[in-house]
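Take the given structure of chain E and dock chain V to it, following the hints.
This is what each chain is made of:
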Amino acid sequence: MSTRDSVPTSKFAMFWSLTKPSQSGLLLATGLAGYMSARGPVFNLSAILQLSISLFLAIAGSTILNMWWDRDIDAKMGRTQKRVTSKGLVSDKEVLQVGSLISVIGIGWAIALDPLYGLVVFAGWFFDVVVYSMWLKRRTCWSIVWGGISGAMPILAGRVLGLGAVDWIGLMLALGILLWIPTHTLTFSMKFQKDYADAGVPTFPSTYGLAATRATIGISSVLAAAAMVAAGVGIGMDWGFLRLLGVLSAGLLMLAIAITFKPTERVNFGLFKYASVYMLAAMILVVLEVI
Amino acid sequence: MKLSSLNRTLLLFTVLLASYQVSAGIDGFTALPITAYTIAFGVILIAALLIFILGIDVLDSPIVVIVSTIIPLSLAAGLVWQHLASLRTWYLVFTIIGFLAVTLTRSIQIQNKLPVIILAITHGIAGMTIFLLPIIIASQGETKPLFALVGVGGALIGVGGLLLSFLKTGRPIVSRDTIMKFFPAMLFLTTALFVAGFKFG
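Same order as they appear, the protein sequences are chains E and V. FYI, the numbering for the first sequence is 1 to 291, going by the working numbering. FYI, the numbering for the second sequence is 1001 to 1201, going by the working numbering.
The following block holds chain E by itself, in its conformation from the complex (with noise of 0.2 Å):
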């Protein structure tokens, strides 16, 4: 496995680090916490087994895909222009092929073991690759509320494979993720300001300024964690665990009060932080709940 810094030099390397294993991994984590949320049976290795490999390739394959995509404006900023598709480590053609059929053995296994949970999936998918990335990610800054959907898509395909049916909770969990995910991209736009005005992509500071994207960050970050404090109360999270959510989400509130009214390049950095904190907080409360 490559660390951010070092270039793989093995293919599976290569390709291993196209697939973002930190960012799949959580994504993956939220697709098994929708599941065991559903109070099903979390024991069946089979079930989780299966529902770990098909989301794990589905995820893994839009992540290579996307790099596929945007390899040229990638090459442009610092923080990506070691990727191998910027380096042109790997030829365009093997990451699209690698890329397309990692996705389609992910979508496919996912069908076969339950439709509803495959077209989830297959949703999460295609709004990545082709709804952000393709079609939005060079027109518009707005084009993160894509990609966030697409976020919360494996959690609540998880919670789909565990109940066979959409639910209210299912879906308070996925805008919790949604909600979630602008802290991370809008600190990164910020942090990476100029990177992405070099490569063309246009972004919330961009396009609104620094002080509208930390309204936007501190507002959606309080959001986020009033969806996941209602899908724990949904959920019927038991009220230990619910006061300490709520703990946490003060946390999140007195952060998100503080880049608002007196922002600072540490509070927004700690905030970005203390929300990655805060989502796996909740997902484990999640997993505790039902075991």
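You can trust all of the hints, since none of them are fake.
Computed beta-carbon distance windows for the label pairs:
1) D1057(V) / V104(E): 46 to 52 Å
2) I1173(V) / V166(E): 56 to 62 Å
3) S1139(V) / V166(E): 58 to 64 Å
Dumping the calculated DSS-like pairs for lysine-lysine here, alpha-carbon to alpha-carbon at most 27 Å:
4) K273(E) / K1002(V)
5) K76(E) / K87(E)
6) K20(E) / K82(E)
7) K273(E) / K82(E)
8) K11(E) / K76(E)
9) K87(E) / K137(E)
10) K1002(V) / K262(E)
11) K191(E) / K82(E)
12) K191(E) / K273(E)
13) K1181(V) / K273(E)
14) K93(E) / K76(E)
15) K191(E) / K1002(V)
Sample of chain E residues facing chain V (criterion: CB under 10 Å; computed from the structure):
16) R243
17) V247
18) L255
19) F269
20) K273
21) Y274
22) V277
23) L288
None of these hints come from the bench; they were simulated from the model. Positions of the beta carbon are idealized from the N, C-alpha and C atoms, including for glycine.
Below, chain V without anything else, positioned relative to chain E:
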């Protein structure tokens, strides 16, 4: 000042202990103690998490004086509500007034000694309550002996809160570097004593 690996580990354990206490350690109490303890351990949890994420220098923020007052005030309010029924209302009034007074005197420019006096009185009363009450009721047999650990934790957090508060007021009792170096260990030890006291007391 960079956090050492040991301090990072201690902060992580503090977060876990406080999380346990909020989620499972205070079940079965009535509404007010649950609220008070949730606030106290919630502040400890978030403080430890923010120090872990942003570094120990986050303690330089002016808001620290107010935050470091919330912990002893809410803990003391919970303890009094549970174990000193006759003083419940009076102590709740003191808690609210104390918090508002500290917040107010920290938020506006006051040249005289009033902010320090308010801070010392509020911390002093809340600190002594957390220190003495658990030890007294444990020694009287109202609770198990180990409940006295809450009092020991109270003494520690009282000292820590005062050190931090006086550092922020510009009249440090101990140097800033010393406080910063030992703060994670003190926070962990305090939290561990509280959790153990509530669990086994």
